[in-house]
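According to the working numbering, the stretch in the sequence shown is residues 1 to 182, in order.
Don't take every hint at face value.
So the derived label-pair ranges between C-beta atoms look like this [stated by the list, open to error]:
1) T39 x A142: 42 to 50 Å
2) E35 x G92: 43 to 51 Å
3) T123 x A152: 50 to 58 Å
4) K125 x G92: 44 to 52 Å
5) T67 x K91: 26 to 34 Å
6) E35 x A93: 53 to 61 Å
7) Q129 x A16: 25 to 33 Å
8) L147 x L121: 22 to 30 Å
BS3-like, lysine-lysine: derived pairs with alpha carbons at most 30 Å apart [said to hold, decoys possible]:
9) K71 x K110
10) K113 x K55
11) K83 x K118
12) K36 x K4
13) K83 x K125
14) K125 x K36
15) K83 x K71
16) K113 x K71
17) K117 x K128
18) K118 x K13
19) K118 x K128
20) K71 x K118
21) K107 x K91
22) K36 x K14
23) K13 x K83
24) K83 x K117
25) K91 x K117
Worth flagging that the hints you see were computed from the coordinates, not collected in a lab.
Ideal Cβ placement from N, Cα and C applies to all residues, glycine included.
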Amino acid sequence: MPVKIRLARRGRKKAAMYDIVVADSRSPRDGRFIEKLGTYNPLTNPASINFNEDKALDWVLKGAQPTDTVKAMLSYTGVMFRKHLQIGVLKGAITQEQADTRYQEWKAAKEAKITGKKERLSTEKSAKQQAALEAEARVNAARAEALRARAAEAEAANAPAAEGDATEGAEAPAADATEEQA
């Protein structure tokens, strides 16, 4: 029975999540599987890969063939490196302690790299938000200045007309008074 480690899709349209499963290669993509190893969510940045690395290593050592995508995930998380080290231990090239220390060093470096990427993404996101807020503040200030200029123009245009109305109003009662006297 040819066994594959592959992805099984789930989730709604345009919001896919995947299960990492061990399945017979003849079964359908989302069909029957032997064992579920974990999940993969490509929508997060960086993508979330959660699975049992020991079980995956066990299946790879037994001969299960990962698909290209799953092989990339296994390499990213260090399962393929552990397989490489384990084969070295079985051949007698290195001891189990040396293999464990090499794997722990690699894992620490990988975790530091991932953490650095997450921090860089968060600082870039906050910088973009700050730039957007500053741009919005500049636009609002320009709009407020334009409104003040328009209000000043309207006030200046109404001022001569108001002065003319004021002089006409003062003359009108005097004219009315002269008419009443006559």
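| Pair hint K36 and K4, alpha-carbon separation not exceeding 30 Å | Holds, at about 12 Å.
| request: Check the following: the C-beta atoms of T67 and K91 are separated by a distance inside 26 to 34 Å. | output: Given a distance of about 27 Å, which is inside 26 to 34 Å, the answer is holds.
| query | Can the restraint linking K118 and K128 be considered satisfied, given a maximum Cα separation of 30 Å? | reply | Within the cut-off at roughly 15 Å; holds.
| message | A range of 22 to 30 Å was offered for this pair. Does it hold for the Cβ distance of L147 and L121? | response | Because 39 Å falls outside the window, the suggested range is violated.
| query | Does the alpha-carbon distance linking K83 and K125 stay inside the 30 Å limit? | reply | Distance ~37 Å between K83 and K125 Cα, so the pair is violated.
| said: Checking one constraint from the list: CA of K107 to CA of K91, max 30 Å. Satisfied? | reply: Between K107 and K91 the Cα gap is close to 23 Å, so the pair holds against 30 Å.
| field | Cβ distance range 53 to 61 Å for E35 and A93, holds or violated | value | 31 Å, violated
| query | Is K83 close enough to K117, meaning Cα to Cα at most 30 Å? | reply | 26 Å, holds
| K118 and K13: Cα distance at most 30 Å? | Measuring from Cα to Cα gives roughly 27 Å; hence the hint holds.
| Holds or violated: K71 with K118, Cα cutoff 30 Å? | 23 Å, holds
| Do Q129 and A16 keep their Cβ atoms within the hinted range of 25 to 33 Å? | 28 Å, holds
| task | Take the C-alpha atoms of K71 and K110, compute the straight-line distance between them, and say whether it is at most 30 Å. | result | Holds, at about 17 Å.
Consistency note: the structure conflicts with the earlier hints numbered 2, 3, 6, 8, 13, 14, 23, 25.
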